[in-house]
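Asker: Read in order, the letters of the sequence shown correspond to residues 1412 to 1659 in this note's numbering.
Treat the hints with caution; some may be incorrect.
Said to hold, decoys possible - Below, a list of computed lysine-lysine pairs in the BS3-like style, where the Cα atoms sit at most 30 Å apart:
| # | residue 1 | residue 2 |
| --- | --- | --- |
| 1 | Lys1608 | Lys1460 |
| 2 | Lys1510 | Lys1482 |
| 3 | Lys1545 | Lys1460 |
| 4 | Lys1621 | Lys1582 |
| 5 | Lys1486 | Lys1448 |
| 6 | Lys1454 | Lys1629 |
| 7 | Lys1482 | Lys1608 |
| 8 | Lys1621 | Lys1539 |
| 9 | Lys1539 | Lys1629 |
| 10 | Lys1442 | Lys1608 |
| 11 | Lys1545 | Lys1510 |
Quick caveat, the hints were computed from the structure, so don't treat them as lab data.
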Amino acid sequence: MSENPIKELDTYQSADNTEYSGSRELLMDEKYLNNYKNSIVIKILKYFKSADKVLEYGAGVGTLAQNWEVKTGIKPECLEIDNSLRTMLVDRGFKCHDKPESVTKTYDGIYTSNVLEHIEDDVETLRKIHGMLKPGCNLVIYVPAFMCLYSELDSSIGHYRRYHKKELLEKLRGNRFEVIDSFYVDSIGFFASLAIKFFGYKGSLRLGNKGSLLIYDKYIYPISKILDGLGLRYFFGKNILVAARRRD
């Protein structure tokens, strides 16, 4: 057996295997997690107050890009390596690059949500993103937190890792980024992810079905936001948000 069998699984994306195994989950989230997705965009926008040319790195089905356009009137450009997802983005009216090498200009801001964990060499990806940003402009990263929460769900949708804050900040600083803000998001979601690890996604607790997503979005996540605001975001959460500025 390979020392790292994770690389042998076809659920993990690469330049040779661009198909994303979690497309169904993206569509479920778009349909039933409106408050949650809206909240992510609001958090990211805080760091892009004067950004006209914006790139979403790993845009999926375009949920955040559509939300971004509604809130700002600016249509972000997208990068998405999955062919079927890229077709959907184009059908939704977005200019979409098929690989990092096809991006030939620089942007006022770049954001990436739940993408870096799908990339084996995330350090190289940060180096590429640095080159896509104008000097002094911001990158916002939103990723899953804590390897102790890593579950079969993570594996099934191609996550190489979940992140600890220190690890992510070190990788950013090593690629000539200045970290300007960092915090955890969704403190209650930490325990939901723990439940998924022990009981399974759509297992005995039926986590991940339509009903549970709607309940979480309407009732539980609003409470989680309040708890985050009261200070829990400095200690733990389901995700990490980091804002960083390109330096030379």
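Asker: Each hint needs a verdict: does it hold in this structure or not?
Answerer: Status of the hints after comparison with the structure:
no. : hint                 : result
1   : Lys1608 with Lys1460 : violated (38 Å)
2   : Lys1510 with Lys1482 : holds (27 Å)
3   : Lys1545 with Lys1460 : holds (15 Å)
4   : Lys1621 with Lys1582 : violated (36 Å)
5   : Lys1486 with Lys1448 : holds (17 Å)
6   : Lys1454 with Lys1629 : holds (18 Å)
7   : Lys1482 with Lys1608 : violated (35 Å)
8   : Lys1621 with Lys1539 : violated (37 Å)
9   : Lys1539 with Lys1629 : violated (37 Å)
10  : Lys1442 with Lys1608 : holds (24 Å)
11  : Lys1545 with Lys1510 : holds (19 Å)
Hints 1, 4, 7, 8 and 9 from the list above are not met by this structure, while the remaining hints are.
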